[in-house]
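Engineer: This is what each chain is made of:
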Amino acid sequence: MSRENTKKKLKKEEKEQVYRKKLIKKRKPNRSIWGDFFLYLFLILVALIMAFPIIYAVSSALKPLDELFKFPPTILPKHPTLDNFSDLFVTMGKSWVTFSRYLFNTAFITFVGTFGHLIIASMAAFVLAKYEFPGNQTFFKLVTVAMMFTGYVTQIPNYIILNKLGWIDSYWAIIIPAFASPMGLFLMKQFMEGLPTSLIEAAKIDGANEWKVFSGIVMPNVKPAWMTLIIFSVQALWNNRASTFIYSEEKKTLVFALQQIQSGGIARTGQGAAVLVVVMIVPILIFVFSQSQILETMASSGLKD
Amino acid sequence: MKEYLQKYITLRKHEAKVAYKKAKNRKMCYLFLAPYAILFTMFYVFPVLASIYFSFTYYNVLEAPRFIGLQNYISLILQDDIFLIGVKNTLLIAVITGPLGYIMSFLFAWLINELPRWVRSIAVMVFYAPSIAGNCFVIFAVLFRGDAYGHVNALLMKWGIIDTPILWLVNPQYMLPICMLVILWMSLGSGFLSFVAGLQGVDRSQFEAGYMDGVKNRWQELWFITLPNMKPMLMFGAVMSITQAFNVADVTMQLCGFPSTDYAARTIVAHLIDYGSQRYEMGYACAIATILFLMMILCNKAIQSLLRRVGT
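Order-wise, the sequence lines are chains A and B.
So in this note's numbering, spot 215 of the first sequence is number 215, and the numbers just go up one at a time.
So in this note's numbering, spot 8 of the second sequence is number 8, and the numbers just go up one at a time.
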């Protein structure tokens with residue numbers, strides 16, 4: 001009897017030891033437990049603070065109208081409803097440009113703009129990062145400098161150019177300038193510089209030309225950068241209200257129409273809160289889905305020089 | 001003198017020839033670059049040059065621009081008191097939120113880097129969401145509302161710290177700190193994302209080599225291994241946070257009103273929007289933009305030389 005007990009105990013201890021070993025192996029050897037504890041406590045606290053305004057925005061969109069003006073103010077709704085959202089759709093339905101048209105405008109601009117930007121910017125980034133040719137450094141410096149210039153004043157010369165091209169009041173006025181956004185190129189180039197040059201040289205020895213190297217080797221290896229670039233581009237285009245270059249109501253974007261409703265004063269407080277949620281949910285959702293892909297590609301693309 | 005000039009010219013000619021030969025060998029590169037370069041010149045380089053040119057003119061959109069030399073700059077610096085308030089506010093915001101936001105971005109990216117994958121992806125989402133949430137920051141106007149219905153006022157009154165509500169967004173005393181808070185909340189943007197992605201790509205064998213060589217704690221590891229590996233991303237993050245810190249306008253305009261009480265929350269860009277899209281004094285607006293641009297470039301140069309010293 002006692003023997004069996006001791007055997008069991010031994011087995012248990014063995015198991016525990018294995019378990020402990022795993023834990024210890026996972027932890028990096030140069031970390032103190034207290035340091036971990038305090039840093040993560042701090043992290044959780046900050047995360048809660050960061051998330052609060054967004055949670056509050058969502059919760060106030062779910063509040064019925066009488067709770068929005070309650071005293072003392074509450075944070076979570078007592079009787080959550082979707083009334084604000086359905087009201088919003090009713091208001092949108094009343095405008096003479098249909099909801100689906102606004103949605104199409106935004107979707108078209110976002111999709112075409114992002115796709116073109118991805119291809120054009122990564123082509124340029126590839127040669128800038130991996131080849132040396134006269135003008136290389138100068139051009140890249142120009143791009144970094146352009147990244148810092150505020151968009152507000154370049155709007156005027158931009159308008160003059162777009163007007164000359166006859167693109168004012170068409171989707172192209174938003175799409176084509178988005179192709180050349182300096183942000184994407186900068187990002188892509190910085191990531192491509194991390195690729196080992198030996199990879200490209202090997203492909204060249206095997207007889208691949210530049211285009212093949214670009215499409216077959218470089219692009220598949222920088223997928224995380226693609227995703228990041230797509231997120232930035234989509235986010236910028238989705239939030240583009242396009243009010244300066246497009247003035248026909250039927251070509252305006254969804255965000256513009258929604259924010260028009262939001263500025264409707266105190267009677268639209270509920271709908272305004274709903275607009276806030278609709279406008280922010282799309283970029284966040286896109287990010288959530290593409291983020292998992294980023295992490296996946298990052299994990300599987302273990303490049304070692 | 002003549003000889004020197006001739007020597008110089010021949011040298012230059014030779015250099016140009018070499019460059020041309022190199023360029024000929026690299027024809028493919030230019031083909032790859034061309035689509036981007038053309039669009040970029042059209043929509044970024046040319047407009048920037050044009051706005052620098054306009055800054056020396058009087059231009060009200062209706063009439064053709066008239067050249068007036070440095071007049072715009074002189075009246076900006078010597079006569080426009082509101083512009084000086086704007087410069088002061090912008091510098092204050094940039095000096096406080098720029099470095100803080102940058103450090104926060106890196107610190108959080110680095111802290112969440114060692115978490116298990118699913119926790120990390122949730123954390124990235126939580127931290128990154130504010131910066132892509134569109135105009136979600138207007139929710140702070142509700143939180144800091146001036147009457148007793150605002151959450152902050154209600155809470156402070158409940159605890160008995162104040163007995164009358166504070167006009168947070170109207171009182172010049174509180175405007176800037178609140179705006180800075182909001183800007184910090186939104187500052188974990190593209191730089192943060194770039195840090196997260198970059199940290200994942202750091203070669204693990206370098207850490208193991210570090211343990212062997214006697215890296216004692218996480219801070220040494222950060223300084224000697226992680227940071228030097230992150231240099232390109234650090235540069236990117238720096239440019240982003242400078243741009244963000246100097247181009248503040250949306251937050252202050254939507255929270256504190258436009259114009260705000262006593263212009264207490266006016267920034268350079270807000271001033272620019274005022275003159276550019278409300279008074280149609282484009283020449284003047286372009287002068288403002290050029291000054292802002294110069295400030296940003298100087299700041300960027302300073303930070304880049306700082307970042308070069310990382311890890312040494």
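Incorrect hints may have been included.
What the hints assert, rightly or not - Derived BS3-like pairs: lysine-lysine, alpha-carbon spacing no greater than 30 angstroms straight-line:
#, chain 1, residue 1, chain 2, residue 2
1, B, K7, A, K204
2, A, K223, A, K204
3, B, K7, A, K70
4, B, K7, B, K22
5, B, K7, A, K212
6, A, K223, B, K231
These are computed hints drawn from the structure, not numbers from a lab.
Engineer: The structure should be examined with respect to each hint, and the outcome stated for every one.
Structural biologist: Taking the hints in turn, this is what the structure says about them:
In summary, the hint linking K7(B) to K204(A) is not supported, as the alpha carbons are separated by about 41 angstroms, beyond the 30 angstroms threshold. Taking the CA atoms of K223(A) and K204(A), the gap is about 21 angstroms. The hint holds against a cut of 30 angstroms. Taken as a hint, the K7(B) and K70(A) pair is broken in the structure, with Cα atoms around 84 angstroms apart against an allowance of 30 angstroms. Restraint check for K7(B) and K22(B): the C-alpha separation of about 23 angstroms stays at or below 30 angstroms, so the hint holds.
Of the supplied pair hints, the one linking K7(B) and K212(A) is violated, its CA atoms being roughly 44 angstroms apart against a limit of 30 angstroms. Pair hint K223(A) plus K231(B) holds up; C-alpha atoms about 20 angstroms apart against a cutoff of 30 angstroms.
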